[in-house]
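Sequences and hints are given; from them, build the entire structure.
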Amino acid sequence: MERSLTTDEHRRLLGVSLRVRERVVRTVFRAGSGHVGAALSQCDVLVSLYERHLRVDPARMDEPTRDRFVLSKGHGGLGLAAVLAERGILADHELDTFGESGSPIGMHMDHRKVRGVETATGSLGHGLGIAVGMALGARIQRWPTRVFCLLSDGECYEGSTWEAALSASASGLTGLCAIVDRNRLTMDGFTEKEVPLEPLADKWRSFGWRVEVCDGHDHAAIDACFSRAKDQGPAVILAETVKGKGVSFMEQRPEWHYGSIDSAKLDEALRSIAEQHRAALAAIASGGAR
Amino acid sequence: MSESSDKSQSKVRGFTWTVGDHALLSSSDVWGEALVEAGRADPRIVTVTADLAETTRLQEFKRAFPERAINVGIAEQNLVAVAAGLAAMGLVPVVCTYATFAVLRAAEFVRTDLGYGRRNVKLIGTLAGVAYGQGGPTHHAAEDLALLRAVPELVILAPSDGFEMAAALRAAIAHEGPVYLRWGRGTETPDASKRDAPFVIGPMQERVGGSDVTVLAYGPTVQEAERAARRAQRAGVSTRVLAAPTLAPLDRDSIVCAAKETRRLITVEDHSIVGGLASAVAETVARAGLAVRLASLGHRERYLPMGVPEDLMAIGGFDEDAIYEEILRVCRVAAPTADDDWEDR
Numbered sequence: 001m002e003r004s005l006t007t008d009e010h011r012r013l014l015g016v017s018l019r020v021r022e023r024v025v026r027t028v029f030r031a032g033s034g035h036v037g038a039a040l041s042q043c044d045v046l047v048s049l050y051e052r053h054l055r056v057d058p059a060r061m062d063e064p065t066r067d068r069f070v071l072s073k074g075h076g077g078l079g080l081a082a083v084l085a086e087r088g089i090l091a092d093h094e095l096d097t098f099g100e101s102g103s104p105i106g107m108h109m110d111h112r113k114v115r116g117v118e119t120a121t122g123s124l125g126h127g128l129g130i131a132v133g134m135a136l137g138a139r140i141q142r143w144p145t146r147v148f149c150l151l152s153d154g155e156c157y158e159g160s161t162w163e164a165a166l167s168a169s170a171s172g173l174t175g176l177c178a179i180v181d182r183n184r185l186t187m188d189g190f191t192e193k194e195v196p197l198e199p200l201a202d203k204w205r206s207f208g209w210r211v212e213v214c215d216g217h218d219h220a221a222i223d224a225c226f227s228r229a230k231d232q233g234p235a236v237i238l239a240e241t242v243k244g245k246g247v248s249f250m251e252q253r254p255e256w257h258y259g260s261i262d263s264a265k266l267d268e269a270l271r272s273i274a275e276q277h278r279a280a281l282a283a284i285a286s287g288g289a290r
Numbered sequence: 001m002s003e004s005s006d007k008s009q010s011k012v013r014g015f016t017w018t019v020g021d022h023a024l025l026s027s028s029d030v031w032g033e034a035l036v037e038a039g040r041a042d043p044r045i046v047t048v049t050a051d052l053a054e055t056t057r058l059q060e061f062k063r064a065f066p067e068r069a070i071n072v073g074i075a076e077q078n079l080v081a082v083a084a085g086l087a088a089m090g091l092v093p094v095v096c097t098y099a100t101f102a103v104l105r106a107a108e109f110v111r112t113d114l115g116y117g118r119r120n121v122k123l124i125g126t127l128a129g130v131a132y133g134q135g136g137p138t139h140h141a142a143e144d145l146a147l148l149r150a151v152p153e154l155v156i157l158a159p160s161d162g163f164e165m166a167a168a169l170r171a172a173i174a175h176e177g178p179v180y181l182r183w184g185r186g187t188e189t190p191d192a193s194k195r196d197a198p199f200v201i202g203p204m205q206e207r208v209g210g211s212d213v214t215v216l217a218y219g220p221t222v223q224e225a226e227r228a229a230r231r232a233q234r235a236g237v238s239t240r241v242l243a244a245p246t247l248a249p250l251d252r253d254s255i256v257c258a259a260k261e262t263r264r265l266i267t268v269e270d271h272s273i274v275g276g277l278a279s280a281v282a283e284t285v286a287r288a289g290l291a292v293r294l295a296s297l298g299h300r301e302r303y304l305p306m307g308v309p310e311d312l313m314a315i316g317g318f319d320e321d322a323i324y325e326e327i328l329r330v331c332r333v334a335a336p337t338a339d340d341d342w343e344d345r
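Protein chains in written order, with this note's numbering: chain A, 1 to 290; chain B, 1 to 345.
Just to be clear, a hint being listed does not mean it is correct.
With a cut-off of at most 25 Å between alpha-carbon atoms, the simulated SDA-like pairs for lysine to any residue come out as follows [said to hold, decoys possible]:
| no. | chain 1 | residue 1 | chain 2 | residue 2 |
| --- | --- | --- | --- | --- |
| 1 | A | Lys230 | B | Glu153 |
| 2 | B | Lys62 | A | Leu124 |
| 3 | B | Lys62 | A | Ser171 |
| 4 | B | Lys62 | A | Arg139 |
| 5 | A | Lys113 | B | Gly90 |
| 6 | A | Lys113 | B | Val155 |
| 7 | A | Lys203 | A | Thr174 |
| 8 | A | Lys113 | B | Glu153 |
| 9 | A | Lys230 | A | Trp162 |
| 10 | B | Lys62 | A | Lys230 |
| 11 | A | Lys203 | B | Ile74 |
| 12 | A | Lys113 | B | Lys62 |
Hints are computed from structural coordinates only; laboratory data are not their basis.
Here you go:
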């Protein structure tokens, strides 16, 4: 079975998540606007992936057999850019150009322009099929490559997502692991009020996937899911998340899917991120889940 | 032209061709074999289909390389996305399904994942135009080029017989980047004289020489145009035929040259005249400031009925007879002269 995180490792991951969240809100402040809610909800899953599970060498992002990560929810580009910067794949000065006209770094990330990004996304429902192709490509060439794909729950409305889900299980792609950022919010409101997606786990299971459900902000739980999914795919992790997580005034508010931050709001956001970080550290110290 | 619909009625033969016949067709066999050869030489080549391997000539490849032949089920968006993913891993996917589904159903995937993604995928759309005429308008593909011509960097090839298709496929595989190959029915007799002819992406080919009028065609209308041109020669009209097996990047020089030399242009295609070669030629001569008499044969902003391809080409007015009549018609009118050009002043 998987080993649970050591306390030190858990603290380290929380520290990375803290810095990624700070980068996200600072970048939105500097750029004027961005998909801040989505970037914050996916943050801990991506930190876990890039810090512990994705087998890539930041200095050699063109190594053919490296693991692949596909950000199918392309509007999470800001959050990915922050993680890549934290991992040293993207330079800080590059992240600083986020959203500027002509900058390679923008709302939707793009393999034609940004080193370390595997494919251009932004239009929803493309990523899982591309990830299926990557996993097939790895198998045909007998590479050990694992392929990870992060979807928004909103992408579970796209028919093409389910086309890809069917073909993945039909092909028995054991090295494929999808994660659904289940924050229950889309542009127009709450998924279960607009067009309900539940029972979502049953849907994936019926398409032949191994399903893991976890608190998408609990590093120990996320880590355990990634470990269990290894070689057991196609596997999907339904990461129960809070949109805008870490910034109290943004949490679970549809209007923060995409937004702007002035300097007062930036200070408030940074304070909130720091407070939640301290609370998470305290919870570890007292033996709690976080 | 005006009599073509009456005349075509007499040509309608009803159901004379079925999907089953398609498996026996000679011209498609030629490129099916070429694909197997290419697969033998290059282990990066894989095929992907959406449940149509048997009728699209991927079946031989599947028998030869079962581990490199993928069927995603009847799911064209996923077909294109999976191909993009395979290409991202260094493979060269040859993707094949009916043109109407490959392009119209999956259009945004082709644009975003293959075009913008600059993936090294070879997308073959078969039964383009009215090649699957009896399938009716749901299975006719008269809009694929109108969509894809607007996709930057995408190479678009439309060969006119099996040998040219085989050569085009080899050229497409040698080209690094996304390519759309438009293929019709494959019933025509392969032109054995072209067995070893190399295929160069880009230039148009002069199939028949002439100085009064130029007919520009691609795909199945090339052979129709050649026959019509020979008839016109016998009637005293010197008719040039240019085949355009590459639609993107477009050979604008050949169009401008033909416009200047013959002053009368007729485009012929089994595709809508909106967004097809008709548009491409009109745009080119207009931008060059050339005065020409321009006629456009093809799908004319209406849905064609169900029927065998030969009949639909007659009904639609882009078969040999229609081309012949159009050649005579445009030549009854005086051609513009060089003095009419903006460019020449």
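Hint by hint, here is what the structure shows:
Our distance criterion of 25 Å between C-alpha atoms is broken by lysine 230(A) and glutamate 153(B), whose separation comes to about 38 Å. Distance hint between lysine 62(B) and leucine 124(A) is unfulfilled; the C-alpha atoms sit about 32 Å from each other, more than 25 Å. A threshold of 25 Å between alpha carbons decides the hint, and for lysine 62(B) with serine 171(A) the separation of about 16 Å falls inside it, so the pair holds. The suggested pairing of lysine 62(B) with arginine 139(A) holds, with an alpha-carbon distance near 17 Å, which does not exceed 25 Å.
Distance restraint check for lysine 113(A) and glycine 90(B): the Cα-Cα separation of roughly 18 Å lies within the 25 Å cut-off, and the hinted pair is therefore satisfied. For the suggested pair lysine 113(A) and valine 155(B), the alpha carbons sit about 22 Å apart, so the restraint of at most 25 Å is met. For the hint linking lysine 203(A) to threonine 174(A), the alpha-carbon distance of about 19 Å falls within 25 Å, and the restraint holds. Proximity of lysine 113(A) to glutamate 153(B) is assessed by CA-CA distance (about 16 Å); at most 25 Å being required, the pair is judged to hold.
Straight-line distance between C-alpha atoms of lysine 230(A) and tryptophan 162(A) comes to about 22 Å, which keeps the hinted pair within the 25 Å bound. Simply put, lysine 62(B) and lysine 230(A) have alpha-carbon atoms about 30 Å apart, too far for the 25 Å limit, and the pair is violated. Between lysine 203(A) and isoleucine 74(B) the alpha-carbon distance is near 20 Å, which keeps this suggested pair within the 25 Å criterion. At roughly 36 Å between alpha-carbon atoms, lysine 113(A) and lysine 62(B) are farther apart than 25 Å, so this suggested pair is violated.
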